[in-house]
Amino acid sequence: MVGMLISMLALLACVALHKNLMQVSVQAKSDALLDRQIASALLQMQYELHNAGLGLPTASASDVVVAESGSVSSLYWRYVDGGVYRCRGFREDSYIEADTNITGRRLVELVAPNNCDALVDLTGLAWQAQTILGEFRNQQAALLRFSVAQASCTPYGLGVATDHFQVRVRAASSAELAGGAVTPTEYSYCLTNTHLST
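Sequence positions in the sequence shown follow full-length UniProt numbering and run 1 to 198.
For the record, the hints were derived by calculation from the structure and aren't laboratory data. One thing to keep in mind: the hints can contain errors.
Each pair of labels, with its calculated beta carbon distance range [claimed, not checked]:
1) T58 <-> A32: 18 to 24 angstroms
2) A98 <-> V15: 16 to 22 angstroms
3) P155 <-> S60: 38 to 44 angstroms
4) S188 <-> A67: 16 to 22 angstroms
5) Q44 <-> T103: 19 to 25 angstroms
6) P57 <-> S188: 21 to 27 angstroms
7) A10 <-> G157: 54 to 60 angstroms
8) S152 <-> Q44: 22 to 28 angstroms
9) A67 <-> I96: 39 to 45 angstroms
10) H195 <-> R170: 40 to 46 angstroms
11) D99 <-> L158: 42 to 48 angstroms
Treat the numbers as computed from the prediction; the structure is a model and nothing was measured. Glycine is no exception: its CB is placed at the ideal position from the N, C-alpha and C atoms.
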């Protein structure tokens with residue numbers, strides 16, 4: 001009887017250990033997926049930002065703009081392609097999946113198909129989603145924050161640094177979202193096509 005009691009306690013301890021190990025494994029997988037999705041979206045963002053300021057003789061603060069409203073953060077820019085002004089952007093906002101009602105955050109590439117010119121206020125355009133760069137399921141808090149500043153920079157750290165606009169993106173990591181005391185990750189993109197007037 002005592003042996004059976006000890007066996008049952010040992011079995012319960014093994015089941016509890018198995019449950020805890022499975023929870024840790026599943027959470028680690030979810031955290032790695034989130035970090036991977038953010039890194040992938042930021043790489044695509046870097047590629048698209050190469051166009052910012054292209055074809056503009058000089059760039060001003062109205063050519064690369066950050067707009068924030070609540071938990072929605074947006075980055076807009078303009079460039080000239082073949083003599084035609086193009087307006088592009090990114091926005092991080094919330095979404096709800098229609099079939100499952102699962103909520104989350106997403107990073108969307110934007111295009112303004114109409115009224116883009118040299119003087120239009122980029123925040124006042126009718127923006128349309130072109131591509132979803134990343135969907136972060138079950139995330140409620142904002143994951144990205146954009147900022148733009150003038151900086152002496154060069155892309156990839158090569159060459160002589162000159163004054164351009166620089167986009168900085170502060171990205172939350174899974175460790176930060178879990179409450180860990182970690183330094184937020186910040187990515188900087190030198191917009192070398194933004195030639196600033198001196």
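Hint by hint, here is what the structure shows:
1. T58 <-> A32: 18 to 24 angstroms: violated (44 angstroms)
2. A98 <-> V15: 16 to 22 angstroms: Distance hint for A98, V15 is violated at roughly 38 angstroms.
3. P155 <-> S60: 38 to 44 angstroms: violated (21 angstroms)
4. S188 <-> A67: 16 to 22 angstroms: Holds, at about 20 angstroms.
5. Q44 <-> T103: 19 to 25 angstroms: holds (23 angstroms)
6. P57 <-> S188: 21 to 27 angstroms: Once the Cβ atoms are compared, 25 angstroms apart, the range 21 to 27 angstroms for S188 and P57 holds.
7. A10 <-> G157: 54 to 60 angstroms: Since the Cβ atoms of A10 and G157 sit about 58 angstroms apart, the hinted range of 54 to 60 angstroms holds.
8. S152 <-> Q44: 22 to 28 angstroms: Hint holds: Cβ distance 26 angstroms, inside 22 to 28 angstroms.
9. A67 <-> I96: 39 to 45 angstroms: Once the Cβ atoms are compared, 22 angstroms apart, the range 39 to 45 angstroms for I96 and A67 is violated.
10. H195 <-> R170: 40 to 46 angstroms: violated (26 angstroms)
11. D99 <-> L158: 42 to 48 angstroms: holds (47 angstroms)
The structure fails hints 1, 2, 3, 9 and 10 (numbered hints given earlier, in ascending order).
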